[in-house]
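Student: Please take these sequences and the hints and turn them into a complete structure.
Heads up: the protein sequence lines correspond to chains A and B, in order. Mapping of the first sequence onto numbering that gives the first Met the number 0: residues 0 to 244, in sequence order. Mapping of the second sequence onto numbering that gives the first Met the number 0: residues 0 to 171, in sequence order.
Keep in mind the hints are simulated off the structure, nothing from the lab. Do not rely on the hints blindly, as some may be mistaken.
FRET-style restraints, in silico, Cβ to Cβ [to be verified]:
hint, chain 1, residue 1, chain 2, residue 2, range
1, A, Val183, B, Ser112, 32 to 38 Å
2, B, Asp138, A, Leu106, 28 to 34 Å
3, A, Asn26, B, Ser112, 46 to 52 Å
The beta-carbon is built from N, C-alpha and C at its ideal position, and this holds for glycine as well.
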Amino acid sequence: MESLIDRENPQKLYIQLTEIIKNKMLNKEWQVGAQIPTEEELCTIYGVSKATVRTAILELVRQGYLIRQQGKGTFVSKKVISEGLTMITSFREMMLEAGVEFSTKVLAQTVMMPTDDLDVKLGISEDKHLIYIKRLRTVEGDPVLLQEAYIPHHICPSILSEDVEHNSIFELFEKKYGKKITKVKGYIEIAYLTKDEAGLLGLETGSAALLLSQHFFSGDTQVMYTRSVKRPDRFKFSIELEKKA
Amino acid sequence: MPNTKTVKDMMIDVFEYPHMPYWFTIRQAIGIIKNSLIKSDKCIHPQAVLVFDEKYNLMGVLTLKEILEGLEPRFLKPSTKAQGISGAEEDLSAVWASLFPKECKERAESPVSNVMIPVKSFVSPDDEVAKAAYHMVHDDLMLLPVIKGGKLMGIIRMIEVFQEVSDVVLKD
Numbered sequence: 000m001e002s003l004i005d006r007e008n009p010q011k012l013y014i015q016l017t018e019i020i021k022n023k024m025l026n027k028e029w030q031v032g033a034q035i036p037t038e039e040e041l042c043t044i045y046g047v048s049k050a051t052v053r054t055a056i057l058e059l060v061r062q063g064y065l066i067r068q069q070g071k072g073t074f075v076s077k078k079v080i081s082e083g084l085t086m087i088t089s090f091r092e093m094m095l096e097a098g099v100e101f102s103t104k105v106l107a108q109t110v111m112m113p114t115d116d117l118d119v120k121l122g123i124s125e126d127k128h129l130i131y132i133k134r135l136r137t138v139e140g141d142p143v144l145l146q147e148a149y150i151p152h153h154i155c156p157s158i159l160s161e162d163v164e165h166n167s168i169f170e171l172f173e174k175k176y177g178k179k180i181t182k183v184k185g186y187i188e189i190a191y192l193t194k195d196e197a198g199l200l201g202l203e204t205g206s207a208a209l210l211l212s213q214h215f216f217s218g219d220t221q222v223m224y225t226r227s228v229k230r231p232d233r234f235k236f237s238i239e240l241e242k243k244a
Numbered sequence: 000m001p002n003t004k005t006v007k008d009m010m011i012d013v014f015e016y017p018h019m020p021y022w023f024t025i026r027q028a029i030g031i032i033k034n035s036l037i038k039s040d041k042c043i044h045p046q047a048v049l050v051f052d053e054k055y056n057l058m059g060v061l062t063l064k065e066i067l068e069g070l071e072p073r074f075l076k077p078s079t080k081a082q083g084i085s086g087a088e089e090d091l092s093a094v095w096a097s098l099f100p101k102e103c104k105e106r107a108e109s110p111v112s113n114v115m116i117p118v119k120s121f122v123s124p125d126d127e128v129a130k131a132a133y134h135m136v137h138d139d140l141m142l143l144p145v146i147k148g149g150k151l152m153g154i155i156r157m158i159e160v161f162q163e164v165s166d167v168v169l170k171d
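Tutor: Set out below in C-alpha cells:
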C-alpha cells in the first residue's frame, strides 16, 4: 500500500517524503539503478508541491541514496550508505611512507558554474559561481593525489587569487578569512580513473583508486566540497572515534 | 563623441555572466545556459557564457549561436562563396534537420574551446566609449572585456554603448 503524506503530522512535509522515498529503496520497491518518477509525477502521487519534492530529492542525493544525471533523470544509487557514526570523529590520513614531503602543483584556479550535481553537493542554486581549484600532489616527483576543490564564490571570493600551491585552503579559511571549519563530512569509496585522472596519476585508465569526498561546513553553511583521488598504493587511513560526552 | 562617458562608467560586473573553463563540453555549456540564464529568467543580453583558462584569464565568449554552430553536422559547414548561397545549399537545411538528432549528441561532447569566439580585442576602463563601439563594429562583437593591468575588471556590452551613442545623436 502506498505510504502517504500525513498533513496532521507536525513533521515537515519534505522530511516525511524523504522517509517515504528512502523506504521504497530500502524495501527494494525501487531497485538499484532504476530511474525514479519525475518531480511532476511525485507531486501528483503524494499531493505535495514541487518545492517539497525537490527538497526531499536533494536531501536523498546529498545522503547518497539517489544520483541526479543532468538531462536524464534521477536514479537509485548503486552505492551502499553507511550511517550511524554519530560520534565525535578525528580523521587523519597518512602516506604509507611516513614523514614524506608533498609537492603541490596547481593545475587550475578558475571560476565555473555548478555542473552535474555540484549544486546539490554544495547546497547552492544552479546559477551560483564556483571557484574551482585543481591540484596535483607529488612525492619525490611521483604523483599520488589529485584534488579538486569547489568553493561558492560568494563565500570567499579572495580565494581565487590566493597562493594555493604553498597554502592549505582549509588554513586560509580559518586563519586568513576567519571562517572556522566546524564540521567535515567525508565519504570514502573506490573510484575508477578517467583518462585525465589516470594520465595525471600515472596509472591506467579505468584502474581503481581511493576517492575521498569531503563537505566542509562553517556553522550551518557549507563552504567547500572537495574530491580527492588517491593512488591506493600510497595511502592508508586512520580513524579515531571518541564518544560524545 | 566629445565629452562622452568612459568605459568604466558603464561596464558591468563579470559575475553577471556565467563562467566556465575552456575544457567544458558543449553539453555542459547547454546545461549552464539553461540553469543560469533561461530557467532563472535572467534578462541579460546578449545571453552568453564567459570562457576562462586554468588561471582565470578570459579566453572567449560563447553565445547560443556558437553552440548551435558547434552542434551542426560537420560536412554542412558553410563554404566561402563570394555571392549568396546556392540552391543546393538551401536544400542542405533539410539534410541538416535529418542528421541533427543523430550527430548533435556526439558533437555536444566537444570542448567549448572549439566553438567559442576567442577574445582578440579589449578596452581599458579609462577608454572612451567610442573605442568600445569601434571594436564592436569592426570585430563583430556584442560584448568586450574591460582589462586593466592584465586583470579582468568587467564587461561592456553593445546595449550600453548604443545607449550612450543614442544620447549623443538625439541630444538637442
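Student: For each hint, tell me whether it holds in the structure or not.
Tutor: Right, here's what the structure says about each hint:
| no. | hint | verdict |
| --- | --- | --- |
| 1 | A:Val183 x B:Ser112: 32 to 38 Å | holds, 35 Å |
| 2 | B:Asp138 x A:Leu106: 28 to 34 Å | holds, 32 Å |
| 3 | A:Asn26 x B:Ser112: 46 to 52 Å | holds, 47 Å |
Of the hints listed earlier, there is not a single one the structure fails to meet.
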